[in-house]
Amino acid sequence: MTQNIIQLSDVSKSINDHTILYNINLEVRNGEFLTLLGPSGCGKTTLLRLISGFETPTTGKIFIDGKNVDGLAPHLRHVHTVFQSYALFPHMNVYDNIAFGLRCHKLPKKEIKERIAEVLKIVKLEKYIHRKPDQLSGGQQQRVAIARAVVNRPLVLLLDEPLSSLDYRLRKTMQIELKQLQRKLGITFIFVTHDQEEALSMSDRVVVMYEGGIEQIGTPRQVYEDPQSLTVANFIGETNIFKSEIIAVDGKMYTVSIEGKRRIIKSPHSFSAGQKVNILVRPEDLRVWGQAEVENTQDMFPGVVEEVIYKGTTVDLIVRLSHNQLVSATEFFNEDDDRLEYAIGEPVWASWLSGWEVILPHEE
Amino acid sequence: MKNDSTFKLFSLSIVWVWLLFFSLVPYGLVIIASLLSHSENNLIQLPFTIKNYIDVNNIIYLRILEKSFYLAGLCTLICLVLGYPFAYIIARMKSSFKGLLILLIIIPFWTSSLIRTYSMIAILKSKGIINSFLMGIGLIHTPLPLIFNNTAVLIGLVYNLLPFMVLPLLTNIERLDNRLIDAARDLGANRLTTFRKIILPLTMPGIIAGCILVFLPAMTIFYIPDLLGGAKSVLAGNLIQNQFLISQNWPFGSAISIVLALLLAMLLLIYWKSTRGKKERDLL
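So the sequence lines, in the order shown, correspond to chains Z and E. Quick note, the first sequence lines up with residues 1 to 364 if you use the numbering used here. Quick note, the second sequence lines up with residues 1 to 284 if you use the numbering used here.
Extracted from the complex, chain Z is given alone in its bound form (with noise of 0.2 Å):
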């Protein structure tokens, strides 16, 4: 048994040349539920297409289960894709949807049922065997779907930005749903999706795409909270820059400038003096004081409140700095910090604890 189940090396795709995906190296784990991130346009379904043999890479290798699948046609390949429009057949009720894959491997009658009614328990569709995909709910729709991939028992099951059309009460608990499915299957999941809030928190691994290219795989605590790149920064989440650049090196501390005043940053990445760099800061890592609150204000930026936005669970706020610059906060209700009533045009403190923000290279 492999480790990885599926491995692609120095996969790229051109189609009447124009590049769409370059320099894919992917490994997948048996097992985990890998989620493929990116905007629209980046990539990702078509490197769900290549896994699932509706395209060939224009060069590079692509092995399941540790066998090269150059060549192999889609219904040879021991992969099944859950579609984004569900694509469920709509001549069939959902009985011989789901029976489909099992009857193309010739399946005996009785494995068939014997399935179809584990899988249907799986996903709460007993009662609905008899009908057809139009007299269902999306969400019906949707799990018909799953069922219909997993009943095959394929070996890792793709999945197409399949929670997109569904409303967002329906995507959340389709979410828990999925992650509980694959957790009772044990099958490797690659999940593709734009929305990064579903990334984080479904998978256990995240891969970031970005016109055509990975930017970064890791956990979802690592491409959320060190970022390899800008764009991964932008992408996930919100995230406050400042433009600096590297004044002094001592080992791993770098001593840097942010809106005219220094502060010491620790980074695991290399920098030079001089070098320009960019400073990022999460949202609700920065912290906003009303003038009575402080007195020591020596590490503190101050600014002006320009918008509060109250959220319930939370307030954001955009201040801005004495340099112009306008940075967004997030501040949550808690107990030593009650209050969280800020006036437009407030003058504040705002700051963060050092450690929190991530420095990373100027990109152009």
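Among the hints, a few may not be true.
Below, simulated DSS-like cross-link-like pairs (lysine-lysine); rule was C-alpha separation at most 27 Å, straight line [stated by the list, open to error]:
1. Z:Lys106 / E:Lys197
2. E:Lys197 / Z:Lys132
3. E:Lys197 / E:Lys94
4. Z:Lys276 / Z:Lys266
5. Z:Lys261 / Z:Lys276
6. Z:Lys132 / E:Lys273
7. Z:Lys113 / Z:Lys179
8. Z:Lys172 / Z:Lys124
9. E:Lys197 / E:Lys273
10. Z:Lys243 / Z:Lys276
11. E:Lys273 / E:Lys67
12. Z:Lys109 / E:Lys197
13. Z:Lys110 / E:Lys197
14. Z:Lys172 / Z:Lys311
15. E:Lys67 / Z:Lys127
16. Z:Lys124 / Z:Lys184
17. Z:Lys172 / Z:Lys184
18. Z:Lys110 / Z:Lys121
19. Z:Lys127 / Z:Lys61
20. Z:Lys113 / E:Lys197
21. Z:Lys127 / Z:Lys113
Keep in mind the hints are simulated off the structure, nothing from the lab.
Since the structure of chain Z is provided, determine the placement of chain E on it from the hints.
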């Protein structure tokens, strides 16, 4: 609001008036004529009789009807076999060529089908284009008997009616969701299974529409067997035409028309029943 309902009433009444005057009234007249008598002096005359229907029950006429069904059925089958791949290829085409190809299917409609049938004579006759070509390249030494027989009628019917098969199929296949084909392939279906289980059932409405549009005119079109079939090939269409124009026996011609119409209506009814029953079964 008021204008809206007036317009609705107006447009609906046009449909009803149309149906009444151009469909129900003529049909009523044909039914009445089929129940009247015939003489040398009058096209139709009293008294009412069912003699005409009894006359239809004659082995000669039944043979003609049988042959018409056979040729029309064969013509429909050939049109389907030729038209389906044809429509499929055009419908799945992505190039800008597609519009031109659809135009090419429609262009023959701009010329009267009678004239096009005359031109078929020039192509099929013993010194026609096909035979001259085949003899010219030395493939055959005596001309193939391509005209004034059933083959000629069949060729003429297929040539004239093929677009009626292709066009409904084209629209149906164009609407077919590509993702369903992908899904079938993804689930392990090879090309043949995908075609049989997914593409064919989903394009069935187009196939049925095409078959009806080809079969009905193939049964009744009279100038094609007239021109290409010669004297030997009498089909239902020209049998009726002969009764009206040559024998001048309107009541008998009307009776054959009604019998033919009933037979065709029965076919449609059987089809309709079978699909309706199926739908109800699926709902259970």
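We went through each hint and held it up to the structure:
The suggested pairing of lysine 106 of chain Z with lysine 197 of chain E holds, with an alpha-carbon distance near 14 Å, which does not exceed 27 Å. Between lysine 197 of chain E and lysine 132 of chain Z the CA atoms are separated by roughly 16 Å; this keeps the pair inside 27 Å, and the hint holds. Restraint check: the Cα-Cα separation between lysine 197 of chain E and lysine 94 of chain E comes to about 24 Å, which is no more than 27 Å; the hinted pair holds. With a C-alpha separation of about 16 Å, the suggested pair lysine 276 of chain Z and lysine 266 of chain Z falls inside the 27 Å cut-off, and the hint holds.
As the CA atoms of lysine 261 of chain Z and lysine 276 of chain Z are separated by approximately 16 Å, the hinted pair is consistent with the 27 Å bound. Simply put, lysine 132 of chain Z and lysine 273 of chain E have alpha-carbon atoms about 21 Å apart, close enough for the 27 Å limit, and the pair holds. Restraint check for lysine 113 of chain Z and lysine 179 of chain Z: satisfied, since their Cα atoms lie roughly 26 Å apart, inside the 27 Å limit. As the CA atoms of lysine 172 of chain Z and lysine 124 of chain Z are separated by approximately 17 Å, the hinted pair is consistent with the 27 Å bound.
A distance of roughly 23 Å separates the Cα atoms of lysine 197 of chain E and lysine 273 of chain E; the hinted pair therefore holds under the 27 Å criterion. Between lysine 243 of chain Z and lysine 276 of chain Z the alpha-carbon distance is near 8 Å, which keeps this suggested pair within the 27 Å criterion. Of the supplied pair hints, the one linking lysine 273 of chain E and lysine 67 of chain E holds, its CA atoms being roughly 26 Å apart against a limit of 27 Å. Between lysine 109 of chain Z and lysine 197 of chain E the CA atoms are separated by roughly 18 Å; this keeps the pair inside 27 Å, and the hint holds.
Restraint check for lysine 110 of chain Z and lysine 197 of chain E: the C-alpha separation of about 21 Å stays at or below 27 Å, so the hint holds. This hinted pair checks out: lysine 172 of chain Z and lysine 311 of chain Z have alpha carbons roughly 19 Å apart, not beyond 27 Å. For the proposed pair lysine 67 of chain E and lysine 127 of chain Z, the alpha carbon gap of about 52 Å is over 27 Å, so the pair is violated. Between lysine 124 of chain Z and lysine 184 of chain Z, the direct Cα distance comes to roughly 14 Å. Compliance with the 27 Å bound is thereby established for this hinted pair.
The hinted pair formed by lysine 172 of chain Z and lysine 184 of chain Z meets the criterion: a straight-line CA distance of about 19 Å does not exceed 27 Å. For the suggested pair lysine 110 of chain Z and lysine 121 of chain Z, the alpha carbons sit about 17 Å apart, so the restraint of at most 27 Å is met. With a CA separation close to 44 Å, the supplied pair lysine 127 of chain Z and lysine 61 of chain Z exceeds the 27 Å bound. Proximity of lysine 113 of chain Z to lysine 197 of chain E is assessed by CA-CA distance (about 19 Å); at most 27 Å being required, the pair is judged to hold.
Between lysine 127 of chain Z and lysine 113 of chain Z, the direct Cα distance comes to roughly 15 Å. Compliance with the 27 Å bound is thereby established for this hinted pair.
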